Amino acid sequence: MKKLRRNIRALTFFLCGLFVLLAAYGAYSLSTSGGRWFASSANTYARARRQGVIAGDILDKNGVVLATTRDGERVYAGDEAVRRAVAHAVGMPSGNVSNGVETFMASYLYGFNMSFLERLSCAVKGEPRQGDAVQLTLDSAISRYAASRFPAGKAGAVVVMNYKTGEVLALQSFPNFDPMNITAQVRNDPQTPFLNRATQSLKAPGSTFKIVTAAAALENFPDAETRAYQCTGQLQVGDRVITDAGTDLAAGQITRHGQLTLRRAFQVSCNNTFAQIALNLTDPTLRRTAENMGFNDNFLFRDLVVENSSYPTQNRTDREIAWTGAGQSALTATPMHMCLIASAVANDGVMMEPALLQRATAQNGKTRYVFSPRVYRRAMKAETAATLKEYMRSVVTSGTGTQAAVAGANVCGKTGSAEIDTQENTNAWFVGFLDEADAPYALAIVVEDAGGGGSVAAPIARDIFNWLLENDR
Amino acid sequence: MKNRKKRRPGSAAALISAVMLFFFLAFLLLAIKEMSLQCFMMALVVPGIIFVGSAGIPKLFPADRLLLSLTNFLCALGVLVLYRLSPERGLAQAVNYGVGVVCMILCTLLVRYLSDWKLPAALMLLGSVLLLALPLLMRAEERNGARNWVYIGSYSFQPSEIVKLALLLCIAYLLSNRKVIVSIAFAGVCLLCLMLQKDLGTALLYYAVTLVMLYAATGSHLLIGAGLAGGAGAAVMGYQMFAHVKKRVAIWLNPWADVEGDGYQLVQGLIAMVNGGAWGVGLGLGNASVIPYYYNDFIFAVVVHEFGWIFGLIVLAMYAFIVIRGVMIARRARTAFHALLAVGCAALIALQTFVIIGGNIKLIPLTGVTLPFISYGGTSLVSSLCIIGLLQGVASRNEADVSEDRELAMQGGDLK
Numbered sequence: 062m063k064k065l066r067r068n069i070r071a072l073t074f075f076l077c078g079l080f081v082l083l084a085a086y087g088a089y090s091l092s093t094s095g096g097r098w099f100a101s102s103a104n105t106y107a108r109a110r111r112q113g114v115i116a117g118d119i120l121d122k123n124g125v126v127l128a129t130t131r132d133g134e135r136v137y138a139g140d141e142a143v144r145r146a147v148a149h150a151v152g153m154p155s156g157n158v159s160n161g162v163e164t165f166m167a168s169y170l171y172g173f174n175m176s177f178l179e180r181l182s183c184a185v186k187g188e189p190r191q192g193d194a195v196q197l198t199l200d201s202a203i204s205r206y207a208a209s210r211f212p213a214g215k216a217g218a219v220v221v222m223n224y225k226t227g228e229v230l231a232l233q234s235f236p237n238f239d240p241m242n243i244t245a246q247v248r249n250d251p252q253t254p255f256l257n258r259a260t261q262s263l264k265a266p267g268s269t270f271k272i273v274t275a276a277a278a279l280e281n282f283p284d285a286e287t288r289a290y291q292c293t294g295q296l297q298v299g300d301r302v303i304t305d306a307g308t309d310l311a312a313g314q315i316t317r318h319g320q321l322t323l324r325r326a327f328q329v330s331c332n333n334t335f336a337q338i339a340l341n342l343t344d345p346t347l348r349r350t351a352e353n354m355g356f357n358d359n360f361l362f363r364d365l366v367v368e369n370s371s372y373p374t375q376n377r378t379d380r381e382i383a384w385t386g387a388g389q390s391a392l393t394a395t396p397m398h399m400c401l402i403a404s405a406v407a408n409d410g411v412m413m414e415p416a417l418l419q420r421a422t423a424q425n426g427k428t429r430y431v432f433s434p435r436v437y438r439r440a441m442k443a444e445t446a447a448t449l450k451e452y453m454r455s456v457v458t459s460g461t462g463t464q465a466a467v468a469g470a471n472v473c474g475k476t477g478s479a480e481i482d483t484q485e486n487t488n489a490w491f492v493g494f495l496d497e498a499d500a501p502y503a504l505a506i507v508v509e510d511a512g513g514g515g516s517v518a519a520p521i522a523r524d525i526f527n528w529l530l531e532n533d534r
Numbered sequence: 107m108k109n110r111k112k113r114r115p116g117s118a119a120a121l122i123s124a125v126m127l128f129f130f131l132a133f134l135l136l137a138i139k140e141m142s143l144q145c146f147m148m149a150l151v152v153p154g155i156i157f158v159g160s161a162g163i164p165k166l167f168p169a170d171r172l173l174l175s176l177t178n179f180l181c182a183l184g185v186l187v188l189y190r191l192s193p194e195r196g197l198a199q200a201v202n203y204g205v206g207v208v209c210m211i212l213c214t215l216l217v218r219y220l221s222d223w224k225l226p227a228a229l230m231l232l233g234s235v236l237l238l239a240l241p242l243l244m245r246a247e248e249r250n251g252a253r254n255w256v257y258i259g260s261y262s263f264q265p266s267e268i269v270k271l272a273l274l275l276c277i278a279y280l281l282s283n284r285k286v287i288v289s290i291a292f293a294g295v296c297l298l299c300l301m302l303q304k305d306l307g308t309a310l311l312y313y314a315v316t317l318v319m320l321y322a323a324t325g326s327h328l329l330i331g332a333g334l335a336g337g338a339g340a341a342v343m344g345y346q347m348f349a350h351v352k353k354r355v356a357i358w359l360n361p362w363a364d365v366e367g368d369g370y371q372l373v374q375g376l377i378a379m380v381n382g383g384a385w386g387v388g389l390g391l392g393n394a395s396v397i398p399y400y401y402n403d404f405i406f407a408v409v410v411h412e413f414g415w416i417f418g419l420i421v422l423a424m425y426a427f428i429v430i431r432g433v434m435i436a437r438r439a440r441t442a443f444h445a446l447l448a449v450g451c452a453a454l455i456a457l458q459t460f461v462i463i464g465g466n467i468k469l470i471p472l473t474g475v476t477l478p479f480i481s482y483g484g485t486s487l488v489s490s491l492c493i494i495g496l497l498q499g500v501a502s503r504n505e506a507d508v509s510e511d512r513e514l515a516m517q518g519g520d521l522k
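Chains as they are written, first to last, in our numbering: chain A, 62 to 534; chain B, 107 to 522.
Don't read these hints as lab results, they were simulated from the structure.
Quick caveat: nothing in here was measured; it's all calculated off a predicted structure.
Treat the hints with care, since some could be wrong.
Here are the simulated BS3-like cross-link-like pairs (lysine-lysine), alpha carbons at most 25 Å apart as the crow flies [unchecked claim]:
1. Lys304(B) to Lys353(B)
2. Lys122(A) to Lys225(A)
3. Lys224(B) to Lys285(B)
4. Lys224(B) to Lys64(A)
5. Lys139(B) to Lys186(A)
6. Lys427(A) to Lys122(A)
7. Lys224(B) to Lys63(A)
8. Lys186(A) to Lys427(A)
9. Lys285(B) to Lys63(A)
10. Lys285(B) to Lys64(A)
11. Lys352(B) to Lys304(B)
12. Lys442(A) to Lys225(A)
13. Lys225(A) to Lys450(A)
Not everything, but these chain A residues come out facing chain B in the computed CB check (under 10 Å) [as the list claims (entries may be wrong)]:
14. Phe75
15. Gly87
16. Ser102
17. Thr105
No residue lacks a Cβ here, since even glycine has one placed at the ideal position from N, Cα and C.
Please work from the sequences and hints to get the whole structure.
Here it is in structure tokens:
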């Protein structure tokens with residue numbers, strides 16, 4: 062009996078542990094994901110409760126009205142170009158665009174955060190309830206300008222953010238649409254205008270991923286900066302050959318870089334060298350660096366829903382690993398995430414959490430939320446970030462990204478031409494930042510199916526940087 | 107000798123009155139809102155059953171008042187939320203509740219007065235295997251991927267809920283007589299039947315309870331290790347064999363992949379809980395009936411939706427108290443049989459609560475077991491109350507033993 066009682070006492074802890082686990086997991090998931098569940102388009106309860114509430118206004122960082130309610134109708138910014146430029150970030154109450162501000166921040170806009178007393182006072186006075194006004198970090202002027210620089214008819218995305226604070230200034234997807242004029246053509250467009258490519262579309266990051274590979278080399282090889290690599294233009298890995306941009310084996314045309322250092326390989330974006338580095342690093346080491354920068358993480362940002370980037374973990378052949386080093390293979394990331402990686406390099410290795418909500422103000426003037434910067438994670442060592450910053454600077458001064466250069470400003474960046482399916486079709490990427498204390502802006506640009514990052518995306522980056530330096534300094 | 111302080115009867119009376127008042131007012135609120143006479147009747151009937159269940163029973167024989175009050179609260183809560191969303195189900199549940207209280211008293215009396223369990227255990231052993239095989243033999247049609255109901259005319263019941271009681275009694279009896287192999291074999295046969303019925307949630311429960319009782323009886327890490335390994339093997343096999351298990355796991359991993367289809371139930375459950383917030387949307391004001399099977403699988407989500415997560419935590423704490431109380435009864439028991447029986451009852455309630463609430467909050471894949479006391483379902487509610495009856499039986503035996511000791515001590519006798 063004594064032993065039996067002892068065993069039963071041990072079981073008490075186990076059985077009580079079950080309840081503790083339930084309570085702890087419930088509290089954890091409600092606090093981390095509750096907002097997302099609430100904002101889901103499947104939430105019929107919240108949709109029903111919106112009736113009888115006047116939705117709050119949506120403003121940009123300078124107070125420009127992006128959305129307001131007039132006579133019970135939701136109307137958007139007066140300028141069509143602005144409406145289009147912020148369409149994906151703002152979204153629509155109908156939920157056409159998933160996780161736009163209109164749906165994701167419904168708890169403010171529709172006054173779900175009102176206290177009991179506030180509700181009561183509305184009821185007593187017989188006034189309709191009004192939701193909170195929401196001020197975003199978005200800048201409608203830069204958004205409008207960026208949209209005007211994007212090649213017409215192309216699909217893609219532009220993200221501009223402040224890398225010191227994480228405030229997102231522009232979050233755009235192309236083709237965009239006018240929320241005041243949704244036509245059947247827009248609905249049926251094969252280019253899916255409602256998809257927010259900046260946060261929802263996972264693509265191979267291409268050569269922009271070499272920032273991650275280079276960081277892994279710098280953090281793991283003591284002689285990373287002096288080691289010499291040999292690029293013969295054709296690297297035999299298993300039964301396949303890794304080549305560089307411009308190579309056409311059938312025509313006997315091969316791009317060769319000869320002997321180069323990591324810095325030079327980064328400048329000219331040599332696939333061959335980065336494939337060798339990936340193989341030398343071994344897959345787990347490269348993966349660890351990538352995961353430090355947010356790959357394979359579950360992004361739970363307060364204001365934004367961003368698809369999770371993935372560093373592949375299965376079917377890792379040498380060929381796959383080699384191509385991963387150059388940003389291809391099954392690797393995927395969103396433009397938003399690549400912008401965060403550039404931001405981390407610019408911000409001494411600290412990745413800030415991207416933010417979209419500046420302030421929420423109740424009808425009675427009470428402030429319900431004020432933004433304060435939050436660190437998302439330390440992505441790399443400060444020394445690594447400093448070296449990478451220098452590398453990214455040299456890409457713009459004398460590498461593949463010279464078209465992004467702005468006279469008199471320290472522009473840093475990395476180009477990418479990510480293969481989609483064949484060599485001819487590539488997504489043009491540019492990620493970069495201004496290394497200027499009074500203009501701490503980073504950006505990521507993708508133009509789908511448009512050619513080389515250096516020739517297509519870099520000029521857009523130059524124009525945006527130029528605009529930022531002139532107007533937002 | 108332990109000199110236990112006698113609990114003041116006043117505090118128990120206050121607790122029971124508070125519980126009765128709560129449900130009286132809750133039903134009154136619904137009655138005024140719906141202007142329904144039937145609901146007004148419920149406001150009188152439900153507190154009545156609570157009174158009989160928690161204040162009447164201790165007058166018949168010594169019983170654990172806290173355990174009774176908590177159980178009655180949860181049962182009445184089930185009737186309330188069910189009535190609020192679907193009056194027919196609420197009414198049926200109130201009847202089940204009344205029947206359950208009577209069965210609970212019978213179970214208590216059985217454990218209190220029956221001393222020789224040899225013949226009953228043998229009968230139950232045979233009976234439970236027959237009962238479990240019944241749905242298979244009767245070629246009952248599948249319901250939600252499982253074939254675990256028996257239909258007799260217009261009446262239907264789930265044998266696995268009744269066999270639950272037999273399982274607890276038989277295994278406690280066998281283990282207290284050191285028949286480890288026989289008890290494992292018996293549990294194995296039951297599990298096999300349940301697997302064939304594809305009632306995997308209940309199979310999981312039977313398995314876990316058996317393991318807990320085995321540990322209590324033997325304390326053998328080897329045995330538990332082997333049991334866990336076997337369970338893991340069976341889980342992998344079940345995953346490979348049953349398409350609906352694969353689907354459940356996929357939904358668990360990412361219910362948002364198909365919000366309108368496969369993931370609909372879980373997603374709506376999660377959304378209902380978050381809509382409730384801290385204080386709930388209010389009794390009678392929610393829309394939790396959008397969740398498929400809200401009345402059994404997702405009743406916890408309904409409670410959190412209408413009463414808020416703070417209340418949800420309190421409900422969890424009530425289950426935890428019931429379990430702790432059960433374990434305390436087990437530790438005071440004088441014979442191995444009664445100790446094992448009590449610990450089995452406590453474990454069954456704990457595990458069943460964990461499995462279904464864990465499924466609701468996406469901690470584990472959802473399996474179709476009921477939430478004890480609250481979920482809609484006659485067999486389930488009656489069997490849950492019977493389990494409390496068994497626990498009460500052990501408790502009242504303990505009380506009788508203690509008072510016997512006291513008398514002996516008064517007479518100058520010595521205690522071993």
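Hint check results:
{"no.": "1", "hint": "Lys304(B) to Lys353(B)", "in the structure": "14 Å, holds"}
{"no.": "2", "hint": "Lys122(A) to Lys225(A)", "in the structure": "16 Å, holds"}
{"no.": "3", "hint": "Lys224(B) to Lys285(B)", "in the structure": "13 Å, holds"}
{"no.": "4", "hint": "Lys224(B) to Lys64(A)", "in the structure": "24 Å, holds"}
{"no.": "5", "hint": "Lys139(B) to Lys186(A)", "in the structure": "24 Å, holds"}
{"no.": "6", "hint": "Lys427(A) to Lys122(A)", "in the structure": "18 Å, holds"}
{"no.": "7", "hint": "Lys224(B) to Lys63(A)", "in the structure": "24 Å, holds"}
{"no.": "8", "hint": "Lys186(A) to Lys427(A)", "in the structure": "18 Å, holds"}
{"no.": "9", "hint": "Lys285(B) to Lys63(A)", "in the structure": "19 Å, holds"}
{"no.": "10", "hint": "Lys285(B) to Lys64(A)", "in the structure": "17 Å, holds"}
{"no.": "11", "hint": "Lys352(B) to Lys304(B)", "in the structure": "13 Å, holds"}
{"no.": "12", "hint": "Lys442(A) to Lys225(A)", "in the structure": "16 Å, holds"}
{"no.": "13", "hint": "Lys225(A) to Lys450(A)", "in the structure": "15 Å, holds"}
{"no.": "14", "hint": "Phe75", "in the structure": "8 Å, holds"}
{"no.": "15", "hint": "Gly87", "in the structure": "5 Å, holds"}
{"no.": "16", "hint": "Ser102", "in the structure": "8 Å, holds"}
{"no.": "17", "hint": "Thr105", "in the structure": "6 Å, holds"}
The earlier numbered hints are all upheld by this structure, with none contradicted.
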